[in-house]
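S.K.: Chains A and B are the protein sequences, given in the same order.
Position 66, counted from 1, in the first sequence is what this note's numbering calls 74; the numbers after and before it change by one each time, with no gaps.
Position 245, counted from 1, in the second sequence is what this note's numbering calls 253; the numbers after and before it change by one each time, with no gaps.
Honestly, the hints are just simulated from the structure, not real lab data.
None of the hints are false.
Calculated from the model, a selection of chain A residues having no Cβ within reach of chain B, i.e. all distances over 10 Å:
1) 39
2) 224
3) 234
4) 335
5) 444
6) 448
Stretch by stretch, here's where chain B covers chain A in the computed footprint (C-beta under 8 Å, at least three residues):
7) 11-18
8) 178-192
For glycine and all other residues, C-beta sits at the position ideal for the given N, C-alpha and C.
One letter stands for each residue in the lines below.
Protein chains: 2
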Amino acid sequence: MLIASLIERKRDGGRLSPAEWTELIARYTAGDVPDYQMSALLMAVLFRGLHSTELDALADSLLRSGDNLHFDGLASPVVDKHSTGGVGDKTSLILVPLVAACGVAIPMMSGRGLGHTGGTVDKLEAIPGFRTDLSLRDVERQVRELGCAMLRQTPEICPADGRLYALRDVTATVESIPLIAASIMSKKLAEGLTGLVLDVKTGSGAFLPEMDRALELAKTMIGLGESRGCPTVVLLTAMDRPLGRALGNALEVEETILALEGKGPPDLMEVTLALADEMLVLARVAPDHAAARRLLEKTLASGAALDMFGRLIEAQGGDRRIVDDPSLLPQAGAVEVYRAPATGTVSQVEPRQVGRAITELGGGRRTLEDVIDPSVGFVITAKPGDRVTAGEPIASIFARDKAGIETGTRALGQAIVIGEAADPLRLISHRVTSRGVEVLS
Amino acid sequence: MLIASLIERKRDGGRLSPAEWTELIARYTAGDVPDYQMSALLMAVLFRGLHSTELDALADSLLRSGDNLHFDGLASPVVDKHSTGGVGDKTSLILVPLVAACGVAIPMMSGRGLGHTGGTVDKLEAIPGFRTDLSLRDVERQVRELGCAMLRQTPEICPADGRLYALRDVTATVESIPLIAASIMSKKLAEGLTGLVLDVKTGSGAFLPEMDRALELAKTMIGLGESRGCPTVVLLTAMDRPLGRALGNALEVEETILALEGKGPPDLMEVTLALADEMLVLARVAPDHAAARRLLEKTLASGAALDMFGRLIEAQGGDRRIVDDPSLLPQAGAVEVYRAPATGTVSQVEPRQVGRAITELGGGRRTLEDVIDPSVGFVITAKPGDRVTAGEPIASIFARDKAGIETGTRALGQAIVIGEAADPLRLISHRVTSRGVEVLS
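Go ahead and model the full structure; you've got the sequences and the hints to work with.
M.R.: Here it is as structure tokens:
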């Protein structure tokens, strides 16, 4: 197999055979294909796309490059959720204990924040003592005993994807729908799932801002899941503004606790419950969506969901007392209220600017090696469409020191636009399944 | 400078600034930019092209990455010729002594054969003892003393281009017009020329078979040359069949000697004289094309051109006796006549197939490390449009042994198509200068 001629064929719009993809990924994983050939091929794929036979072969090759989770003999259904990433998105932290408390097993593998988006692993690690570096055998044991586990990506699962992703990140080849789909789905399919719910973000703060590309990604991932025996449902949700109010790792854990008490901000609760609802129906622990909603509300109201969060924290070495006393979470050195600079309608809360501002405050990474400060961030109570009066408190800034407060104030001055009107995206705009696309209204 | 964001900008159709190209190439040459980022960028360039400001900056950066030839104080004009490569193209071997004998200095740097095309350096090295690894100071001295020198590419000139070209070769990023133009012109501009003639091949055996892309390449190279004070003329010539009759390194040297005696095949003489004519006019040793032709014919007829070839060979360590006794060139172990398998019109002599067959016989390289046998190849006397009768000799096969003869026979059976009619390209179809395109008829 001459790699240069494979690249040439893809460059010119042709297809690689499944056997060629399989050999290519196997040889790349073995270190026999240099990165400079793979990155040229990835760029050609970005321009030319992948035929469905190529996508299948790529996803299967990534999947086969490592180990899988095994839940043979487990009575509970095993379901997971994945999001394409956003700002303020702490739904995973809420969903995992909530859905597990409803009798569904969840082995959730998540990423760290990078770029302007936060990462579930960083949020979990804001909890003192919380360990996310579980082995696959640890995960299997904990899921059997407790019903859930939350871990960081491990090289045991899809190591070829790990290498490819690192290469894509530095060669501007991330934004390819088939490459994103193969990367996400290979890792999720390695979790041994009965079903999968995906949250594809749209709008200015999403990796794929355009609705049509988000829908294409949704359909591509559903195709990969369903054809491998994993029923898959996608919700398209708005990321043209942050989700919820709390933005920053420890602050988002605190909002998670509120949400598990049923008192989270409305937008956060709506998205979380919609995703959880789909998970329960896929898992068949609820016969329909109405029954699923009732079960979720009962589980929140009874305190069972919050209790499960405490047990999850304890099982993974964290300090479960934070559930009752969030002041045990890392606290910012300086806090200041941010007031509306003018009277009018909040027309925008720009998520990319907010996400980058968290990084500037020390709460996000510029490179994977950066050490972050979990305490910093924002609580933004104003949402697009809200009427505000000049001088009214609309956010709080949590920083290391006075200089950070200034940075944060400047950033909010840019990110929160007060004007005449707002035209935010619908919070949950589409529901996509193997049967088609439902436009929600 | 974040390389990934440069790649992203080019990928999305934007431009890099001249300063960015300059820094990028400097850092790549210094080893500070990894090949995997450069290859992704090159693939993005292949899809998106380069704006003229980017092309200028790239060519200048390549040029500045190494040393130049200097001919200050030399009375003779310094002119060179470059071809985009073909099968049977030995025009350089004929032109250099012919034009030098007319009083023009020529420091010609050439490549080796790769893919289906032959290389001038391989042809020269078929001459026993001939050395092509001259230093730039050797070249300057020899050009001042003799009037010409022929050398292989040296890392002293455009080392950044050398690294880039090696990377492009294995990442399917060769076929980009701006990258080809920058690569060729940076090396030629480093030769300190008064003028440059380019032979851009078209047709099935050319790197860019399509006429419109060949014209685009021609205009791009002329733009680069003229704006740097190097008047540049391009002829588009046919490579839908081999040029001349002899194909293979030693065989082509033998045909060169015939041509320098004025007895070469008509197509080879026509292309060579047209290119030489342009060189003499650019060099101003002839006031117009008619005068140039007269000077060339006189120089061939007097034996001065052939004598210059002998002196060139001697100057570079070769055995100049081959000029009078071509049997001193490497001789094939087995020779056999190839006869027309049917009666009809030769409709095709497919140059790619012939070129690949030479490689199969051991006369070309699969990788740059291969050692080649200079003696093997073909002499094909039939040209597209010729009427042939079944059983009539139309070629000779030169091979190492009996097995090679069989390989060669099979290859000619595929490459030479006998049918009803032929529709070959016009041998010299266009003349392109800074003033425009002349379609020749």
